[in-house]
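Chains as they are written, first to last, in the working numbering: chain A, 1 to 343; chain B, 1001 to 1299.
Because the hints were derived from the structure by calculation, they are not lab data.
Honestly, I wouldn't trust all of these hints.
Derived SDA-like pairs: lysine to any residue, alpha-carbon spacing no greater than 20 Å straight-line [what the hints assert, rightly or not]:
(1) A:K257 / A:I124
(2) B:K1173 / B:E1146
(3) B:K1021 / A:V144
(4) A:K306 / B:G1229
(5) A:K10 / B:G1116
(6) B:K1115 / B:I1103
(7) A:K306 / B:E1146
(8) A:K257 / A:P267
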Amino acid sequence: MPVSLNYIFKRVLLSILVVIGVIVFSYILLLYTPGDPAVKWAGNPRGPEARKAIEIARRELGLDQPIHVQIAQFIYHVFTGNLGLSIAYKVPVSQVITSGFTATLELLIFTYLLAVPLGLWLGIYSALRRGSRFDSFIQSLSVVLASTPTFWLGAIIALISYSTTGFLPYGRVSYKLATSTGFNPITGFYLLDALIQGNYAVFLDALLRIIPPALAISVYPIGVVARVSRTLVAEALLEDYVRSAVAWGVRRNTIIKHFVLKSIIPPVIQISGLAFVYSIVDAMVVESLVFGREGLGSILLDSLHKADFRVTIALAIYLTIFYISVNTIVDIIQASIDPRVKI
Amino acid sequence: MPPSLPFIRLVHRNLRKYRFKIGLSITIAILVLSLVSQYIAPYPREGLGYVPVGEESRRLLPPSPQYLFGTDTLGRDLFSRVIMASRSAIIQAFSVVFLSLIIGLIVGVLAAYFKGLVELVLNYLTELFMAIPSIVIALFFRLTLEAGFHVVIISLVTTWWAWYARITYVYAKGVVELDYVVLAKLSGLSPAKIIMRHVVGVIIQPILVQAISDLGSALLEASGINFMGLGLPPGYPDWGVILYEGISEMGIIAFTRAPWLVFYPGLFILLTTLGFTLLADPLREDLDPRLRRRWKLWF
């Protein structure tokens, strides 16, 4: 099903406009919130080197130039990933951000690979048995879980894990184990790296540490996907084509698999994409404070405590770009599956 | 007819529903608690964040008749802190939703009513602000402003109004093309009156219901921001802050050594959010004909 190039072009153009808007917005925040922008950019330096650092920051930002030139320069720097050295970590900002993204994405992708199929199954199953005990149980459970703060749930899961097995899920992998077995991260996705290197001890350890936060984060996508697919299946079952199929004597499983499931996949993809971007913030909160994993959350907190303004602003901008990209990709995927979508 | 009247009727119609009753009682209980907590709290000063005299001997005591929920890392009575935090929860949830609702309504209706450039620009702005995660805005404000309510509220409103603008736009778009609105325009009624009476008045109900159910999400998100230490200052009676203090000072050991520190504030967030959700769900079902549809399956 070819999606028109025109649609893709329009959608991408809109996204780029939004991204540029966000960059301009954050630059304006940098300039016009209280405090000297150069001081903020240099990370509130103190001591004898302070004056020099502020001068350098002033030149980097080009504060002596007219504002449109500054903004154009800033946008250029963002797109080329060149925002200077991180003040707290002493490595390029882009490197800090990349390592954070891989860590958080590993957690999120792991979560969603489990959560979306499970949610879909729950939704379809309860739609087919609407009004049954299973259905109403899932319904009430989803209402309660949707009201649960993710970070609190994570804490409870950690507590249960500790009190039943004595295992406290902390960090991404045990460093003692990683160094003793010569584990060497290549991609930054530890699970993948351990598998590639055939290091099953590290793989198992990383898996045990990723499951508890993933459980806490998965509550939201499971609930959303289950609720949406339940409604969609229930509506699809009332459609005329299902009635015709029943009249023709098509078997029930065939109807569900070939007609109903096919019609609900595009909206489920879209809602999963929306949930995914929402879960990023969830993951940031849960992974850093509750489970002590490195990732976007810990970078955010670190950069804030060390007044590393560059990392903070870069994190904000790249996070937003990531948000928008996921949304755009989901829209385009949906448009290519579902012929009804028109911009 | 003023727009609020159908809404009151809607609430009245749902009063006897079981879920609605539970939701209403939880909401009222929390509202009352937020008003009277400072009078019924056994240690009101500690509830506000003051560290008591002789705190060393009172640190991390488990729940007992004297300290119902135990004490925290600074020896403060957790019960006082938790119940006094209900006020901050109510303030944050209601002001975020109310402000977002007002801004979103205005932007959405204007975009739908005045077509052309206004529509284009307002929709672009909506899209723009929808795309920014609220935690990012909180981060910006936290970098530049003092900690406080305004950080939480502004950062949530900055992103939330766009959702109301979007749903208002979608509903209003369906209404402005209808004959009676066109006729009202032709008869020379002023745009302000048409918008208030014939557009907003017609579409307000589902949006209000959405707002009620969003109170819970607003509370969850505000708690998340406070839990990250981005919003209210340390020591402030707020459930997110209390959780943050428990976990940030002791690390993950907090769960194992003093589970009450983590358990009670989270439980109150859960209950309050649940209350708002249970309040809104029956109303939503009532309004949305698709959810009410008779279920007659072919197999």
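For this session: Could you check the structure against the hints above and give me the numbers of any it violates, in ascending order?
Result: Hint 2 alone not satisfied by this model.
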